[in-house]
Amino acid sequence: QKEVEQNSGPLSVPEGAIASLNCTYSDRGSQSFFWYRQYSGKSPELIMSIYSNGDKEDGRFTAQLNKASQYVSLLIRDSQPSDSATYLCAVNPAGKTSYDKVIFGPGTSLSVIP
Amino acid sequence: AAGVIQSPRHLIKEKRETATLKCYPIPRHDTVYWYQQGPGQDPQFLISFYEKMQSDKGSIPDRFSAQQFSDYHSELNMSSLELGDSALYFCASSSGRGQFFGPGTRLTVL
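Respectively, the protein sequence lines represent chains A and B.
Heads up: the first sequence begins at 1 in my numbering, then just goes up one per residue.
Heads up: the second sequence begins at 1001 in my numbering, then just goes up one per residue.
Bear in mind the hints are in silico, worked out from the structure with no lab data behind them.
Bear in mind the structure is a predicted one, so any value in this text is a computation, not a measurement.
Careful: at least some of the hints might be erroneous.
[What the hints assert, rightly or not] Covered by chain A, according to a simulated footprint, are these stretches of chain B (three or more residues, beta-carbon under 8 Å):
1. 1010-1018
2. 1063-1071
[What the hints assert, rightly or not] Computed list of lysine-lysine pairs in DSS-like fashion (alpha-carbon distance at most 25 Å, straight line):
3. A:LYS2 with B:LYS1057
4. A:LYS67 with A:LYS2
5. B:LYS1022 with B:LYS1057
6. B:LYS1052 with A:LYS56
7. A:LYS56 with A:LYS67
8. B:LYS1052 with B:LYS1013
9. B:LYS1015 with A:LYS56
All residues carry an ideal CB built from backbone N, CA and C; glycine is no exception.
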């Protein structure tokens, strides 16, 4: 079992719809969770971080964390074609020596259809 | 805002040659991470440095070494290059609020 799992996709949604991206992790002691967006051939871009259970909203993005279920998700409202990218879930493992060390999931490819 | 700087952006080498990749973190970031990303893969953690000391080691081959200097810039040294080393190499820096990635160096080994 991989430490961080995501559906590889591709996930296709029509423009203006809500895109829902899911991530599960195996390390129950994980404390910090991040979502990165990566366009093809470009570097990952940090778009959301979440540390406690519940929802965190930033513009069109909402991250949701449920530590009991070891589940973190990212909702993108009013999806735009420019949101088409690979979304990487990253989890800070327990027992880390660096506060920001993360394990990346395999990424979910999102395609927003105009 | 200042971002992570990596050089060179592109590098072409022959098998068995050596390569040096450089990373300049965001000012006041104390931690640097190196990743390797092959086509269609997620970034694979290689090594990290905190305050100029190695803090974590991932799947870094013995042929690779890295260090962080007094000005916090870091260098990844790769020797005896193999075809399989062709990939995007990212550097990221952080200060406790998540990692911020540089644009990457695309290494091609012929």
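Now the hints, each set against the structure:
{"no.": "1", "hint": "1010-1018", "verdict": "violated (count 0)"}
{"no.": "2", "hint": "1063-1071", "verdict": "violated (count 0)"}
{"no.": "3", "hint": "A:LYS2 with B:LYS1057", "verdict": "holds, 19 Å"}
{"no.": "4", "hint": "A:LYS67 with A:LYS2", "verdict": "holds, 17 Å"}
{"no.": "5", "hint": "B:LYS1022 with B:LYS1057", "verdict": "holds, 18 Å"}
{"no.": "6", "hint": "B:LYS1052 with A:LYS56", "verdict": "violated, 34 Å"}
{"no.": "7", "hint": "A:LYS56 with A:LYS67", "verdict": "holds, 14 Å"}
{"no.": "8", "hint": "B:LYS1052 with B:LYS1013", "verdict": "violated, 28 Å"}
{"no.": "9", "hint": "B:LYS1015 with A:LYS56", "verdict": "violated, 48 Å"}
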